[in-house]
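A.B. asks: In case you want the letters, here they are:
2 protein chains.
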Amino acid sequence: MAANVQDAIMLFGDSLTQAGWEEGGFGARLQHVYSRKLDVLNRGFSGYNTEWAIPVLEQCLANQYDQQHVPKIRLLVVWFGANDACIGPSPQHVPLPKFIENLKHIIILITPPPVNTYQRAADLNGRDPSLALDRMFETTKEYAEGVKAAAAASKVSVVDVWTAIWKAAGEREEGLSKYLWDGLHINADGYMVVYEALIETIKVKHHSLHYENLQPVFPPFVAFFLLSSLVDFLDRWTQVNQVK
Amino acid sequence: MAANVQDAIMLFGDSLTQAGWEEGGFGARLQHVYSRKLDVLNRGFSGYNTEWAIPVLEQCLANQYDQQHVPKIRLLVVWFGANDACIGPSPQHVPLPKFIENLKHIIILITPPPVNTYQRAADLNGRDPSLALDRMFETTKEYAEGVKAAAAASKVSVVDVWTAIWKAAGEREEGLSKYLWDGLHINADGYMVVYEALIETIKVKHHSLHYENLQPVFPPFVAFFLLSSLVDFLDRWTQVNQVK
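From first to last, the protein sequence lines stand for chains A and B.
Residues 1 to 244 in UniProt numbering are what the first sequence lists, from first letter to last.
Residues 1 to 244 in UniProt numbering are what the second sequence lists, from first letter to last.
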């Protein structure tokens, strides 16, 4: 059984979160910079929208009875919208007002990335059987705006990944292919943008939680050197005093 | 507070484990393939030897009172030897018999990687102030043998990273620079060897724990499609029967 020795950052979202430990992923980068300080929990659920995710979030948070035994969530990062923004009749679709309402439950929000509909259409068309395009550039953009609206209404922080990736891509849909590997999912270059935007938000809005402002839970190994030097010194001091 | 929804793999070791979430690191790779199945906990402590690590391990494992509330450790991976093998008078040095004794506490063992003393000497020499070489090729090899002896004595699994990296390097010390970035610490190519060796051991010796043999804790999103289709069907069936 794993004792509760470190508090946690919980990353809660869809496949974009679930895949955050792929090579160059933002989850792995976060776990790296927070090593010995906070655990980073992968609570990403591929394909989920906010409607399906909320009951799961309730299970991912401890009940009153268990709270004293489990890791404290120092930061809850919520990243949805990429699936809610599916256009009807997709069963993943959640209407925009309902999506915004769903998000109001929740603490750092992240906007979904822009969709490259050229890449996405080619990817879906190439499947067996081939599938029709299920996301529109403008619709996903509206859902990104929805995340920002929910953040403003709930007075929580927001990491605007949509805008960060859009700007990085030179504000051209075709330019997004540098950051998305299939028009929807983020590659290592894209996750670098996500990681930098998230860390910047932590630095500015949650300053005391920036990894540089946290001490490792267990002491650095040099502490043992100092301790063994002190023991040596006391040994010698005792010997010298006995000789006298 | 994070509820206990997933069991865990705990990676317990020194800096080689702590850095396992760097780009291409084995910890990040493991967390990726185990997403929605098991959490992978980073319990790596840079510079620690087995002597300093054992009291920390006791804190990382839950006491009897807390056991019902905390994640079950499905696999404990222990990776030490790179620091214990420091040559005297380094305070990190632990004598070989003591090192083997220390390891007998513990579940999957990993051997320390071979040292490239050319790279290590150059790295230490280039520091300010410059430092003398603190590890020998043959000594670290003996500690790798010590890990295997402890594993055999305790009848636990062992991942022989020493041999895997040595073979990958063409059994030449200079060839190790492809896998080590400073003669001691492992780069992304080296962590790929570690990851493959560890997953192979899990596959062969702990078959039911291989990620392909575990089900996600929460259902895949297609389950919601089936559920909503069933609801639709029942709706229509009721309507048809009412019309009749």
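Careful: at least some of the hints might be erroneous.
Quick list of in silico lysine to aspartate or glutamate cross-link-like pairs, EDC-like style, CA-CA up to 20 angstroms [claimed, not checked]: (1) B:37 <-> A:134; (2) B:37 <-> B:200; (3) A:72 <-> B:7.
Pulled from the structure, derived: some chain A residues nowhere near chain B, Cβ distances all over 12 angstroms [unchecked claim]: (4) 69; (5) 148; (6) 212.
Hints in this document: simulated from the structure, not taken from any laboratory.
A virtual CB, placed ideally from N, CA and C, is assigned to each residue, including glycine.
A.B. asks: Taking the earlier hints as the rules, which of them does this structure contradict?
C.D. replies: 1, 4
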